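Undergrad: Sequence:
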Amino acid sequence: LIRLMISFVEGNSPSWEGYMYALIMFAAAAFQSILLHAYFHIVISAGIKIKTALTGLIYSKALRLNSVSRNKSTAGDMVNLMSVDAQRVLDMCTYINLLWSGPLQIVVALYFLYDTMGWSIVAGVVVMVLLIPFNLVVTRFSRKLQVCQFILIGVSLCQPPLCRCCLWGSCKVLKLYAWEESFMAKVTGIRNQELHHLKNAMYLNAFFGFTFTCAPFLVSLATFAIYVLTGNILTANNAFVAISLFNILRFPLTVLPNVIISYVQAQVSLKRLTKFLTLDELDETNVHKKMPSHISNQAIHVDDGSFSWDVTGQPTLHNINLNIPEGSLVAVVGQVGCGKSTLLSALLGETEKVTGEVYVKGSVAYVPQQAWIQNATLRDNVIFGRNFDSRRYHKTIKVCALETDFDILPAGDMTEIGERGINLSGGQKQRVNLARAVYFNADVYLLDDPLSAVDSHVGKHIFDKVIGPRGKLRKKTRVLVTHGISFLPQVDQIVVLQDGRVSEVGTYKELLANRGAFAEFLKTFAPEEKSGDAAREQESCPDNSQGARVMSRQIAREQESCPDNSQGTRVMSRQIAREQESCPDNSQGTRRKTLRSRYFTSKVAQLRHAKPMDSITWSPYISFQVKWVVFWTYAKSIGVFIASIVILFMILSEGALVGSRIWLAAWSADNDTSDATRDMYLGGYAAFGFFQAFFVLVSSICLAFGSVRASRSIHDSLLIAIFHAPMSFFETTPLGRVVNRFSKDLYVVDDTVPRSTSGFLRTALSAIGTLFAITYATPLFLSVIIPLGIVYVLIQRLYVASSRQLKRIESVSKSPIYNNFFETISGTSTIRAYHQQQRFIRGNYYKVDENQLAYYPLVVSNRWLGLRLEFVGNLIIFFAALFAVVGRDSIESALVGMSITYALQITQTLNMMVRQTSELETNIVSVERTKEYADMETEAEWVVEDSRPPKGWPDKGRIQIEDFDLRYRANLPLVLKNISVDIQPGEKIGIVGRTGAGKSTLTLALFRILESAGGRIVVDDLDISRMGLQDLRSSLTIIPQ
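The sequence shown begins at 1 in full-length UniProt numbering and counts up one residue at a time.
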């Protein structure tokens, strides 16, 4: 069509032929646009389905992994598979057909080039063939760098503190021990290795860009050189038809290497996915659910069982033989590390069965030693997928001593529990876990020391009302791991473990009569436990009139602040009744407990009046556009000077490209065929091409250098901010959100933002250059630039605003997927014990679907944009051809060829420009999200030079707490009020109180994990609020709860 149009301008054909050619060009371009976007919609939709399926497979596989496989694939690895590898597979689906269509386009373009330029194209083919080995070498290096980068991303996610510490809830330990700097150094070391590979990959891509900028130019230069040197005359008809074919050739030559790299990356990802999905799973035959007929009255039967956490390792438990009848209560006791918890895991099928057989009849409920709490309401944690039965539920809550705890919370049992149960104490978590098991109404209960985390009188209540022979579970089979000797006389059978073997089995009296190791153990520790219980009872019911008067004054103060609260009165009445039941024979103690109950109830009333607060802060959907300060932040991270150099050399490279086309038009229009003129034009054309490639190389290297610098700066600021964040941040921020920052967002900052920045600048400059060239050739084109520009801007603004919002919603809706995944990983044993895998898998599907509700419209909006923008581009083709027909008498045929050649490029250029604009805005959101954390409120200074304590401080150990108040967060009520204590050096102080009274909170105040709301703490005559946190915390020590 270009050849026909140039021939029309040069000849004397009737005008209708030119108009017909213009219409045919428009129709062909429009038809191509429709087919192209239909194709993209089909393949991207297929890719989304594959990614969704992979996410579901990874999640369900994580629920089936055995202990050995879980050690091989950490939580960070699995998140990486979900966030990066699945996305790589999706990206590959989009362009995989280019692996065959790209070479096909090259062959077709070469055929038409041969038809236009003859055997001169052999020179161009030789250049392309010579570039193939270079491409293979670059691809091989790229693959190696990709593997290294993926490994280091996984390592960095699994390193403390990013996963095990700040993400698994242990950041408090880091702060208490002042370990932040050493852990930061570890993470930074791994990050530096990752950046080293990233830098090499970016420099490699810079030379890659140089090569593929040179490739079309070298092909065209070689072809034109041979063509004119063999005596042919370069005409506009030949030159610009050839240039158009070279542009067609340029797309597969440019994209194909990227597709190959994408294919390599997807191949690496598929290998990682395959490796994970083929890991060993739990053997379902470890535990048989059907009991043999000869032992049908047994609930649990283990026959000569040996169990190990690793098939290749030594067994942890040896020659285990157990017979537990239905409805019996069996206690498992032994020293720490003897294998009690492993025995319960073996009954659940969590360990590897080396020898023997295990039979467990009926359904199982499991209470782990470390309580597992979901990020859901208290009621959802208790019913755990069962249908809600109000009567059974309230009986469960009562026997598990949770009524009082529910009364405290603003929304009762409908209160949303934060991630990892952050707003529950250890005892409350354990009682919720126990309530879950009781409500589940299973046949067999496996209880792994559930009473260790609760107060002694609460433990007695739970044993009497739930576990014991008169408890709610009295007709169920119960296996209780315990260290509480006082409960052992009430059990039906005791199993004594020693060094992984069953040393004794029998009733309490039988084991005493045997006078074995268990009897000696009881004689040694039973008196101590009795004396300890007596002391605790004496502390809980003291006879101290002065203390009563103090409590009365506290009650009076509390009642003044909350004088009238009927709800609180009802709570108080229930609390008084319960407390009176706990000490029925001690009138003085009863009065004391009543006073304490009133004091406690007044705090309940205060909480009732307080404004309810969510335990988790939610990431908002920001509706406004990305602020320029975000772009400026990234530019400063790169370096303003480096950014200026990048832009300058990109402008120069585009200028060299436009100059080469104008030079070619002048060459083809010049009738002087002398050797000197030919050599001048050939040399000038070569110079323009080499300058373009050189400027591209310099800009790419500068951008690569600046991008690595920005990645390091952004990561370091994010890491420092996370380690300086107060504990309230970790308590109110979901795990998946932090993972998202350190995985997906940093990956985007490392890899996608530099490419988006480069792509945006190049396409914007290319669009400007194209419009300039068309206007230079056909000045009439200026008349349509403004209306087409208005349409283009309207489409762009509508699309960019929508896609930006959809991208934000998609990013925010992705965090719950990671939250749910980490939560599931930490509670896998509990989920499997209750056989709730399918429910959790369906829940994961729902969260993924919620994410796809934003992602799929984002993909569809790309097709919407593409069709409309390409329609604008097709109109530009039409008007360029139309104005060439109108001005045929005043325009040279060479300029017409250049104008239409550029017009054919404009469709892709305009499309890519909007896409790159949108991609840059949507990806720069990752910089905005990391900046949000980097700018958040931090703890006090780690070191205050003017207030550093002397060496050896504290050397005495005197602690003075003066009128000390404390609240968890600024908008919450006080949890410690007017505490005044003077602890002398060398004293041993016990802090007692019921669950949630503030015992741990007071110790956290000593380390300034929670800052004072009033008063002060003085240690050895130094006010701890004046010194740096590192100086304070490194001078004290603690064994955390």
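The hints are simulated quantities; they were obtained by calculation from the structure and are not laboratory data.
The structure presented is a predicted model; accordingly, all values stated were derived computationally and were not measured.
The beta carbon of each residue, even a glycine, is placed where N, CA and C say it ideally should be.
Treat the hints with care, as some may be off.
As the list claims (entries may be wrong) - Derived Cβ-Cβ restraints for the label pairs, each shown as a range:
| no. | residue 1 | residue 2 | range |
| --- | --- | --- | --- |
| 1 | 648 | 40 | 33 to 41 Å |
| 2 | 768 | 31 | 27 to 35 Å |
| 3 | 233 | 641 | 22 to 30 Å |
| 4 | 1011 | 986 | 26 to 34 Å |
| 5 | 126 | 255 | 44 to 52 Å |
Unchecked claim - Result set (DSS-like, lysine-lysine): computed pairs, CA atoms no more than 27 Å apart in a straight line:
| no. | residue 1 | residue 2 |
| --- | --- | --- |
| 6 | 475 | 465 |
| 7 | 472 | 395 |
| 8 | 429 | 475 |
| 9 | 398 | 931 |
| 10 | 931 | 627 |
| 11 | 395 | 172 |
| 12 | 460 | 398 |
| 13 | 271 | 290 |
| 14 | 61 | 353 |
| 15 | 636 | 199 |
| 16 | 956 | 931 |
| 17 | 172 | 636 |
Undergrad: Each hint should be assessed against the structure and marked as holding or not.
TA: Evaluation of the provided hints:
Our hint of 33 to 41 Å for residue 648 and residue 40 holds, since their Cβ atoms are close to 35 Å apart. For the pair residue 768 and residue 31, the supplied restraint of 27 to 35 Å holds, since their beta-carbon distance comes to about 28 Å. Residue 233 and residue 641 have their C-beta atoms about 48 Å apart, which leaves the hinted 22 to 30 Å range violated. About 28 Å separates the C-beta atoms of residue 1011 and residue 986, a value consistent with the hinted range of 26 to 34 Å.
Distance hint check: the CB atoms of residue 126 and residue 255 are about 22 Å apart, inconsistent with the given range 44 to 52 Å. A hinted pair counts as satisfied when its Cα atoms are at most 27 Å apart, and residue 475 with residue 465 qualifies at roughly 13 Å. With a C-alpha separation of about 9 Å, the suggested pair residue 472 and residue 395 falls inside the 27 Å cut-off, and the hint holds. Between residue 429 and residue 475 the CA atoms are separated by roughly 25 Å; this keeps the pair inside 27 Å, and the hint holds.
As the CA atoms of residue 398 and residue 931 are separated by approximately 47 Å, the hinted pair breaks the 27 Å bound. Taken as a hint, the residue 931 and residue 627 pair is honoured in the structure, with Cα atoms around 12 Å apart against an allowance of 27 Å. Restraint check for residue 395 and residue 172: not satisfied, since their Cα atoms lie roughly 36 Å apart, outside the 27 Å limit. Pair hint residue 460 plus residue 398 holds up; C-alpha atoms about 14 Å apart against a cutoff of 27 Å.
Restraint check for residue 271 and residue 290: the C-alpha separation of about 39 Å exceeds 27 Å, so the hint is violated. Of the supplied pair hints, the one linking residue 61 and residue 353 holds, its CA atoms being roughly 21 Å apart against a limit of 27 Å. Between residue 636 and residue 199 the alpha-carbon distance is near 19 Å, which keeps this suggested pair within the 27 Å criterion. With a C-alpha separation of about 44 Å, the suggested pair residue 956 and residue 931 falls outside the 27 Å cut-off, and the hint is violated.
Proposed proximity of residue 172 and residue 636 is contradicted: the alpha carbons are some 33 Å apart, above 27 Å.
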